[in-house]
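A.B. asks: Below are the chains, spelled out letter by letter.
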Amino acid sequence: MTSTIEPEIGRARLRKEDARLIAGRTRWTDNLALPGLLHMAVARSPMAHARITNIDVDAARRMPGVLAVFTGADLAGEQGSLPCAWPITEDMKSPDAPSIAVEEVNFAGEAVAVVVARSAYEAADALEAVDVDYDELPVVLDLEGAVADGADLVHPDLGTNASATWVFDSAEAGTGTDVERAIADAEVLIERTYRQQRLIPAFMEPRSVVVDPTGEQLTMWSATQIPHILRVMLAMTLSVPEHKVRVIAPDVGGGFGGKLQVTPEEILTFLVARRLGKPVKWTETRSESLLSAHHGRDQVQKLTLAARRDGTVTGLKVELLADMGAYLRLVTPGVPILGAFMFNAIYKFPAYRFACTNVFTNKTPTDAYRGAGRPEATYAIERLMDELAAELGVDPIEIRERNWIRHEEFPFDTVAGLTYDSGNYEAATAKAKELFGYDALRAEQRERRERGDTVQLGIGTSTFTEMCGLAPSRVLGALSYAAGGWEHAAVRMLPTGKVEVVTGSSPHGQGHETAWSQIVADQLGVPFEDVEVLHGDTQSSHRGMDTYGSRSLTVGAMAVVRAADKVKAKAAKVAAHMLEAAEDDVEFAGGAFGVRGAGAEAKSVSIQDVALAVFAAHDLPDGVEPSLDSEATFDPENFSFPHGTHLCAAEVDTETGRVTIRSYVAVDDVGKVVNPLIVEGQVHGGLAQGIAQALYEEAVHDESGTLTTGTLADYLVPSAVDLPEFTTDRTETAATSNALGVKGVGEAGTIASTPAVVNAVVDAVRHLGVSDVQMPCTPMRVWQAIRTGRTDAGGLGGEAGGGLGSINPEGGAR
Amino acid sequence: MIPAAFDYVAPTTVDDAVRALAEAGEDAKVIAGGQSLLPVLRMRLAAPSMLVDLGKVAELRGVREDGDTLVVGAMTTHYDVQRDPLVREHARLLALATNVVADPQVRHRGTFGGSLAHADPAGDLLAPALALDAELVVAGMDGRRTIPAAEFFADFFTTSMRSGEILCEVRVPKKTGWSAHYEKFNRVAQAWSIVAVAAAVLVDDGTITEARVGLTNMAATPVRATAVESALVGQPATAEAITAAAQHAAEGTSPAADGNADAEFRQHLARVLTSRAVSAAVGA
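For the protein sequence lines, the chains are A and B, in the order given.
When we follow the UniProt record's numbering, the leftmost residue of the first sequence carries the number 1, and every step to the right adds one.
When we follow the UniProt record's numbering, the leftmost residue of the second sequence carries the number 1, and every step to the right adds one.
Chain B with its partners taken away, still in its complex shape (with noise of 0.2 Å):
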C-alpha cells in the first residue's frame, strides 16, 4: 500500500511545530505515533499535503508531577504510560486501558496525545481520559488552552482543538488509593473495543464514597454514566449492589451498529461489563 506524495517536516520545539503547521495550511496533518494516520495514507483514504511529525519534540514525551495532578506528555508511548510509575499510583485506570491497546508493537510507537486527537470512539484511552477529568493542554500560534476532556470530544474522530493547535499534555488529577479496572470487550486480541467500560471507585470502610464510570464506543463521543455513578456512590461494595447500579450503564448513550453489535446489543454489554468493571475494580 502506498501513500499519495506529501511533504514532510519534523521540528524539534513545539513552538516550531505550531509554526510549521500555520505555514502548511489546511491540508497539514500532525503525525504523532503513526498507528492511525499511516494506514488511512497508505489506503489513500487521506491525502495531506504536509505532514508535521511530533517524533522529535523531547518536551512532549515523560510523566511528571504537578502538585496534585500527573501531567503525561502527548508523545509518550502507551509502553512508557502503561509502565509508569507514576501512572500506576495514581491514574491506575489509565495505566490498565494503556495496557489493553491493540498489540505490543502498537503500544510501543503509538501515543498516548495521538490517541487522544485522533478521538476515535472505539479507542481505549479516550473514556478513561473522561472519568478521570483529565485535562487537555493544546498550542497553537494564539497560545496555549486547557481544555477539559468532557468539552475534547465533539464527534467521531472529531475534538474541539483548532485548525493548527497542536496536543500537548494532558493533565489528570491523581486518584491516588482509588480501586480501577479497564474492561475491554472485543472478538480479536488486536481489535478495537466493541465497548469497553473505564471504572474508577474509591471505597472507604466497605463503602463506595466516589465512582467515575466512563464508557468505549457507546456514542460518537467517549461518555461518562454519570447515572452508575451517581447509584453507586454511598453504596456497599458488594457484587449485588453494583449490579444493580450498574442497570443504568446504557443510559443516555447512542451507541452505532455495525457487524459486530448493533445498538440495542452495544446497550447490553454496557451495562454487563460496568457490573463486571465497577466489580473487578474493588475485588466483589
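Here chain A stands alone, though its shape is the one from the complex (with noise of 0.2 Å):
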C-alpha cells in the first residue's frame, strides 16, 4: 500500500481537469442531447427604454419547426421577479425585475419573446418574424445626469434614479475621527474624480442552460457558478418546491463574476419547459452575451485624500455614484459596497468616510465581475497615492511606506472596521523592486526625459490588498446580505481506500478538482491519484455556496479539511479496536495508525486497512456505526487579506499616444500554496484582465443606449500577443484565520494591476503636464492628455458608433 510521503500542498501538480477540457472530451452545457430536446432563442429589444404597444408573433409560430412563441404577457403570470439578495439598506428601491418585458422595456437586450423549436436553426430563423411595436421614452444614461434634479426616470414609479444611498462613517462607527475634520486641518489636499469604466465579463464559454421537466424532479444543466445558490432561488422565485428541483452545472468554462447571477434565461428556459413538458435548451451567441448578461464596475468616484506635508494621509472621504443598470440582479447592490472597506488599503488613515448612491440607468444590469468592488477601491487609493507623491515631490514607493500598516503591527483594525490579521507589506515591496531593478529604471526614466525622447518611461506601483474568502456569514448578515458564507464539504471512504470527496464549491476554471485532492492526499495519506472530487450537482453536492469572490480554498476547501478531520477521528476508533490498543495510543501518520512508541516495525493498519474493514462491519468496537464518511461546514471567523506589490513599467509613444508595457512584477502574498502552477494561472489571467481594464476593455453606449461595443471585434480584449512577459513572485505570510494558513488568488491580479498599468502611464508624462488618463488609456486619449490636457478624449458624442456611453462628452472625469 502506498502512501504519500512528499506533502502534496506545494506541489506543482499539473491539473486532473486540464486533459478532458484541452482535448474537449469532456460536456459542456451546450452538449448535451436529451431525447426530443427543443432549442429557445430569446428575441431581445433594441431599445433602450419603451413602452411595447403590440407584439406579433402570428408569423414565428407559422414558421417551419416551431411549436411555440411566447411573449411578457403569456408568461407574466408565473415569471415573479429575478431575486436580488442584497437590499443594502431598508429603504433601497428595488423595481420589479421580470425575466421577460410585459409592458415596457428598460434596456437594449432585454427579453420581449421567446421562440420554440426543433432546432436552433429554426428558432433562429423565426426570431426574425417577431414583430415588435415600441413607443420610445427618454433614455437615461449619465449617471450624473440620472440623479440630478428634473431627470428622466427609468422607473416612473419609484420617483427616482436612486436605488439607495450607503454610508460609512469612520467617526459614526468608532473606528476612527471625523473626516470633514481631517480635509479642513489637511496640509494637503488631493481631489480627483475618477471613473470606472463599465466592463464586460466575456467568459469564454456562453450562458447555456438545458431544462429536462420530465422526471419527478425538473433538472436544470446551467453554465453557472452558483447551482446551490441557483436551486434555492428558482424555489423561492417560481414558488416549485426546493426538493422537486435539481441543479447541474458541469464543467463551466469560466465566469468571472459574471456567472454568479439567476439569469432572466434561466427562469425562461425553466418556464417554457415546465409549459411545454418537454426538455428545452438555450444557449446564447456571442452578441446576445456581451449585449445582455450582466456587466461590470461602472462607477463615477469623488475622492478627497488628506494629508501632511510630510506626507502621512490624515483623511479620505469616498463619494460614489454606482451604475445599476436597469434592475438589481443577484448581488448588483452590494458590489460597490464591497469597496467600502478597501479603500483605506494597507494605509493608516485616522478618518473615513464612504458614501455610495446606486443609481437606475437604462443599460445593462451591472453586477459582480472580477474583484467586484475592489478593485475600483484599490485603483482609486493607489491613484491617490501616486498623486500625493507627485504633489509632495517624493517616490510614490516611499509615500506609501509612510504609510502603511507595518508587519509588526498586524492583527491590525482599520479605519474601515476590519481587522486584518496578516501581512508583510514591506517584505512584498522590497522583493518586488529588487526583481524590477527600480533605482535602475528610475534613473534611465531621468536620462529620457532630459533627452527629449519620443518614447518616455513611466513606472507604476500598486501594493494593494484585497479582502477576500467571502465570508463569515456574521458579517454578511451586518451587510444585509441575504444568505450565509458557509461553505460545506464530505469525504466518503470506499471500501477499497479510494476517495470521494463532496464539495460545495463550484469551479468554473480554477482547478478545485486537483487542489482539494492534494489537500486531502496529506489529510488521509492517500495517494493523489485516488481522490476524485465531486461538485456542481445539488443531488450529488446537496450544499453548497459555491465559487466566487476567492472564496473556495479559504472556505470550501477548509470545510474538506473538516470533514476529513472527521474521517480520521472515526477511522482512528476503528484502527485501535484493529490494533488491539486503546484509542489514545494509537497515532496517525503517513496513512497508515500505529501504536504511538511501538517503533517501525511494529503492526499497524492503513486507513485502506480501515475502510475496508468498516466495509464489511465484521468486528468493530461497540458503539462505532460501519461507515467513516463525514461532512462538515465551515464558517470563518475573517476574510483573508492576500495582498502583494506589482510593478509596471510602461513605454509612452509620445508621437502616437500609445502605450506599451515593457515589464511587469507581481509579488503576491497568498499565504500558504497548495499548488504553485494554479496560483501562477490565477496571477496571469488575473493580471491580463486588470491591465485589459486600463488599456483596452470599455463598453459604450450610444446616446440611443444602444451597445456599441457589440462584437469582440469592438470590445477589445486583449490576447496573450498584447500583454507583456509577467514576472511574479511570492511572500509568504500564513492567514491566521484559517487551518491551511491560505489566503484567496483569484481576483488579486485583477485587483492591483489596473492602478499599476495606470500610475505607469501617467507617470511616463506627468512631465509634459499630465496627472490623469481616463481608463481605459487609448492612444488618442494619452495623445489628447499630451496635447491639451484632456483626460477623456475617444467619444464622438451622441453620433451612433462611438462616444462615451455614459460620461458627459463635454465635461468627463476631471
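These are calculated hints, taken from the structure and not from any lab test.
Computed from a predicted model, the values in this text were never measured in an experiment.
Be aware that one or more of the hints could be misleading.
Beta-carbon label-pair distances, calculated as ranges [as the list claims (entries may be wrong)]:
1. ALA5/B <-> ALA73/A: 57 to 63 Å
2. GLN247/B <-> LEU14/A: 43 to 49 Å
3. ALA257/B <-> PRO64/A: 42 to 48 Å
4. ARG145/B <-> VAL717/A: 42 to 48 Å
5. MET204/A <-> ARG64/B: 39 to 45 Å
6. PRO156/A <-> ALA5/B: 16 to 22 Å
7. GLU128/A <-> ARG64/B: 43 to 49 Å
8. GLU703/A <-> ARG64/B: 36 to 42 Å
Glycine included, each C-beta is placed from N, C-alpha and C at the ideal position.
Dock chain one against chain two, each of which comes alone in its own frame, and use the hints as you go.
C.D. replies: Put into C-alpha cells, the structure is as follows:
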C-alpha cells in the first residue's frame, strides 16, 4: 500500500481537469443532447427604454419547426421577479425585475419574446419574424445626470433614479475620527474624480441552459458558478418545491463573476420547458452575451485625500455613484459596497467616510465582475497615493511606506472596521523592487526625460490588499446580505480505499479537483490519484454556497479539511480496535495508524485497511457505526487578506499615444500555496483582466442606449501577444484565520494591476503636464492628454457608432 | 450565431463560377476565404440566397511571373502570399503587409483577392495594392477586363466590379530592389488598422529616386499620399528629409471618426506613421 511521503500541498501538480478540457472530451451544457430536446431563442429589445405597444408573433408561430412563441404577457403570471439577495439599506428602491418584459423595456437587450423550435436554426430563423412595436421613452444613461433634479426616470413609479445610498463613517462607527475635520485641517488635499468604465466579463463559454421537466425532479443544467444558490432561488422565485428541483453545473468555461447570477434566461428556459413538458435548451450567441449578460464596474468616484506635508495621510472621503443598470440582479447593489472596506487599503488613515449612491440607468444591469467593488477601491487609492507623491515630490513607494501598516502591527484593526490578520508589505515591496530593477529604471526614466526621447518611460506602483474568501456569515448578515458565507464538504471512504470528496464549491476553471485532491491526499495519507472530487450537482453535492469572491480555498477547502478530520477520528477508533490498543495510544502518520512509540517494525493498519474493515463491518468496536464518511460545514471567522506589490514599467510613445508595457513584476502574498502552478495561472489571468481595464476594454453605449461595443471586434479583449511577459513571485505570510494558512488568489491580479498600469502611464508623461488619463488609456486619450490636458478623449458624443456612453462628452472626469 | 438559410455551390472553374453567379442573380454572393463574409452572415447582417464558393477553383490560386509583372491568384491565401519567394523578392511591401493581417488562423483561410474585393478601407492589403499600381483582372459573362487599383476601390465596401463579376487575379508590377515597410497602428494585435501606411521606395546612392505611399483607413477607399511621394523624390534618404516630406501625408484625406480615433488624430497618425514607414523602409 503506497502512502504519500512528500507533502502534496506545495507541489506544482498539472491539473487533473486539463486533459479533458483541452482535448474537448468534456460535456459543456451546450453539448448535452436529450431525447426530444427543443431549442429556445430569445428576441431582444433594440430599444433602451420604450413601451411595448404590440407584439405580433403569428408569423413566427407559422415558421417551419416552431412549436411555440411566448411573450411577456404569456408568462407574466408565473415569472415572478428575478431575485436580488442584497438589499443594502432598508429603504432601498428595487423595481420588479421580470425575466421577460411585459409592458416596458428598460435596457437594449432585454427579452421581449421567446421562440421554441425543433432546432436551434429554426428558432433563429423564427426570431426574425417576431414583430414588436415600441413607443420610445426618454433614455437615462449618464450617472450624474440621472440623479440631477428633473432627470428623466428609468422607473417612474419609484420617483427617483437613486436606488439607495449607503454610508460608512469612521467617526459614527467608532473606528476612527471625523473626516470633515481632517479635510479642514489638511496641509495637503488631493481631490480627484475617477471613472471606472463599464466592463463586460467576456467568459469563454457562452451561457447555456438545459431544462428537463420529464422526470420526478425537474433538472436544470446551467453554465453557472452557483448551482446551489440557483436551486434555492428557483424555488423561491417560481414557487416550485425545492426538493423537486435539481441543478447541475457541469464543466463551466469561465465566469469571472459573470455567471454569479440567476439569469432571465434560466427562468425562461425553466418556464417554457415546464409549460411544454419537454426538455428545452437555450445557448446564447456571443453577441447576446456581450449585450445582455450582466456587466461590471461603472462608477464615478469623487475622492478627497487629506495629508500632512510630511506625507502622512490624515483622512479619506469617498463619494460614489454606482451604475446599477436597469434592474437589481442577484448582488448588484452590494458590489460597490464591497469596496467600502478597501479604499483605506494598507494605509493607516485615522478618518474615513464612504458614501455610495446606487443609480438606475437604461443599460444592461451590472453585477459582480472579478474583484467586484475591490478593484474600483484599489484603483482609487493607489492612484491617489501616486498623486500625493507627485504633489509632495516624494517617491511613490516612499509615500506608501510612510503610511502602510508595518508587519509587527498585525493583527490590525482598520478604520473601515475590519481586522487584517497578517501581512508583510515591506517584504513584498522589497522583493518586487529588486526583481523590477527599480532604481535602474528610475535612472533610465530621468535620462530619457532629459533627452526628450519620443518614447517616455513611466513606473507604476500598486501595493494592494483585498478582502476575500467571502465570508463570515455574521459579517454578511451585518451587511444585509440575504445568505451566509459558509461552505460544505463531505469525504467518503470507499471500500477499496479510494476517496470521494464532495464539495459545495463550484469550479468553473479554478482547478478545484486538483487542489482538493492534493489537500485530501495529505490529510488522509492517500495517493493524489485515489481522490475523486464531486461538485456542481445538487443531488451529489447537496449543500453549498458555490464559487465567487476568491472563497473556495479559504472556505470550501477548509470544509474539506474539517470533514477529513472527522474521517480520521472515526477511523482511529476502528484502527485502535484492529491494533488491540487503546484509542489514545493510536497515532496517524503517513496514511497509517500505529501504536505510539511501538517502533517502525510494529504492526500498523492503513486507512485503506480500516475502510475495508468498516465496509465488512464484521468486527467493529461497540457503538461504532459502519461508516467513515463525514461531512463538515465551515464558516470562517474572518476574511482573508492577500496582498502584494505590483510594479509596472510602461513606455508611452508621445507621438502616437501608444502605451507598451515593458515589464511587469507581481509579488503576491497569498499565504500558504497549495499548488504553485494554479496560483501562477490565477495571477496571470488576473493580470490580463486588470491590464485590460487599464488599456483596452470598455463597454460603450451611444446616445440612444445602444451598445456600440457589441462584438469582440469592438470590445477589445487582449490576447497573449498584447500582454507583456510577467515576472511573478511570492512572499508567504500565513493567514491566521484558517488552519491551512491560505488566502484567496482568484481576484488579486485583477485588483492590483489596473492602478499599477495607469500609474505608469501617468508617470511617463507627468512632466508634460498630465495628471490623469481616463481608462482605458487608448492612444487617442494619451495623445490628447499630452497635447491638450484633456483626459477623456476618444468619444464622438452623441453620434452612433462611437461615443463614451454614460459619460458627458463635454465634461468627463475631472 | 446562426446564419439564415442559403443555397451553396462550389464550382471548379472560373467559367462555371461566373455562370453560377449569373444564374443565381442579384442575391448571390461570392465567398472566398470567408473571413469577412462569415461573421456578417452569422450576425445576419447579410442574407444572400446563394453562396458561390471559389475555394475549389484551382486556377485562382498561386503566384507566377509574367515578364515584369507578378500575377497573384485571387484565391491565394495570405499565408501563401507572405511566404512566396516571388512576392518577397518583387513585391516586398505586399509580403510585409500580408504578414500583419489579423492572426495566423485568419491568414491561413483568408485570401488576397477576397480582401481586395471586400474593399474594407481598414483592410491592410488595399493600400499596398494601390501603392504598387496593381491591376485587377475580373471575369464576368462578357469576358475579362482589367481595372487599375486606383479605379477599383469605389467607396466603403464597394468596388467598381459589376454585378456578376469575379475577381480572378491581381497583376503587380515588379518592384525588385525597392525598400518597403508597412507600418500598422492598432490597439490589439488582431484588430483592424486605425491607420496604416504602406511605403515602397527606390534609393539610389543615398537619394530617393522613386516613392510609393499608400494609406489605410484614411478615407472611404485606400489613398495614395501623392504629395508625400513627390516630396520624397530627389531627397536624401535621411530621417530629417523623410519627416519633412511626411508632413504632407494627410493632404486630401477624409478619415472617418470612431471610438478609437477622430479625424484629427487619424490625420496626425498618418503623418507620424508615414515618416516611420519610409524611415523604416530605407533604414534611416
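A.B. asks: Determine for every hint whether it applies to the structure shown.
C.D. replies: Status of the hints after comparison with the structure:
Checked against the hint of 57 to 63 Å, the C-beta distance between ALA5/B and ALA73/A comes to roughly 30 Å, which is inconsistent with it. Hint check: GLN247/B to LEU14/A, Cβ distance near 57 Å, so the stated range 43 to 49 Å is violated. ALA257/B and PRO64/A have their C-beta atoms about 44 Å apart, which keeps the hinted 42 to 48 Å range intact. In this structure, ARG145/B and VAL717/A meet the distance hint of 42 to 48 Å, their C-beta atoms being roughly 44 Å apart.
A C-beta distance of roughly 43 Å is found between MET204/A and ARG64/B, which places it inside the suggested range of 39 to 45 Å. Under the hint 16 to 22 Å, the C-beta atoms of PRO156/A and ALA5/B, about 43 Å apart, miss the expected range. Between GLU128/A and ARG64/B, the C-beta spacing of about 45 Å keeps the proposed range 43 to 49 Å intact. Against the hinted window of 36 to 42 Å, the Cβ-Cβ separation of GLU703/A and ARG64/B comes to about 53 Å, which falls outside the hint.
Checked against the numbered hints above, the structure breaks hints 1, 2, 6 and 8 and satisfies the rest.
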